[in-house]
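**Student:** Chains as they are written, first to last, in my numbering: chain L, 1 to 110; chain R, 1001 to 1234.
None of these hints come from the bench; they were simulated from the model. Glycine is no exception: its CB is placed at the ideal position from the N, C-alpha and C atoms. Accuracy of the hints is not assured; some may be wrong.
To be verified - Keeping only pairs whose Cα atoms sit at most 35 Å apart, straight-line, the calculated DSBU-like set for lysine-lysine is:
1. R:Lys1027 / L:Lys13
2. R:Lys1007 / L:Lys13
3. R:Lys1139 / L:Lys8
4. L:Lys10 / R:Lys1139
5. L:Lys13 / R:Lys1110
6. L:Lys8 / R:Lys1204
7. R:Lys1139 / L:Lys13
Unchecked claim - So the derived label-pair ranges between C-beta atoms look like this:
8. L:Tyr105 / R:Asp1022: 57 to 67 Å
9. L:Phe30 / R:Thr1079: 16 to 26 Å
10. R:Met1203 / L:Lys13: 28 to 38 Å
11. R:Met1132 / L:Met33: 14 to 24 Å
What the hints assert, rightly or not - Interface residues of chain R toward chain L, partial, derived using beta-carbon atoms under 10 Å:
12. Ala1059
13. Ser1060
14. Gly1107
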Amino acid sequence: MAQYRNKKVKTHKIGIYLWIWGLLFVFSFFSYMIDYLNFEGSLRWTLIVLFMLSKAALIVAIFMHLFWERYAIVNVLLWPMTLMLLFVWIMVAESEYTLLTRIFYFILGG
Amino acid sequence: MSRAINKLPKGWDGLTSDFSSDQKAFKGMSWGKAMMWIFILSDTFIFSCFLISYLTGRASTTASWPDASIVFELEVFGTSVPLLLIAIMTFILISSSGTMAIAVKYGYEKNRKLCAIFLLLTALGGAAFVSMQAFEWTKLIFHEGVRPWDNPFGAVQFGSFFFMITGFHGTHVTVGVIFLLIMARKTWRGDFDKGRRGYFTTMKSDYVAIEIMGLYWHFVDLVWVFIFAFFYLW
């Protein structure tokens, strides 16, 4: 890393980090309220995923500075992560079939 | 890096020209930072495996899944508040991410003392988080009798997923705290200003090391965002 020593790096004003910090607090508080107020069903799941992805996006984009990085590293990181989320979704869809076969053979007796 | 980074094409043109050039793909980025990103990418694969096994295990069992807001409730002044400790842990970890981001900023501005102080605050937040997690585990293991193979609340898979996922995350936090303390000491001593060689690496380092440390720490926070949503709230 020697060639990077004493390289001038442009930094951001402290305000942007405090803002993101505050937003993360607000989103976490809302997520907690979903549980506290006992929201149920698809409203609960939609809100949980919405706040989760918003928080994740803020952390990766601003705190980890990915917003200011070149597209080479951005694409290397975000495509595999997107595919992983897709994989999660596929496997969860598959598990419903497993549940059905278990109910059919274990409970109803085949 | 003698060529100025701003002379290179940006955006999608930058993507293709960076990858089709015969030198390094990640322009203007130290190899340490690029490798930390690659490590983080591989770590997301590991945590995704946990997430997939947990979600499919939970969705495919015929037994009823334990209600997290009852399992993790905490009694305060005679009334039980659901998920209280988990909420406090979440806010502490987010705050330590905030102080880490500020430490990176001060590092690049060569503000040695403020950088070290914010690194110490970050380590303090991480240590508080791990302590509260240890409290949570103690409560579940010794008072509620939760085991990886059994628990009094419902589906038996609950225990193994809980200990595996929070344990792996807690290990990441612990390792992070140790490295934060090492970095805080190095920063305070002025290693990055004087170009003092590292004990293990024997290489001169720079304040980019603080940003690399920060990437790891923010990633630990990022994983907790997903654990909080899928394990505790779902």
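**Student:** Tell me the hint numbers this structure goes against, listed in increasing order.
**Tutor:** 3, 4, 7
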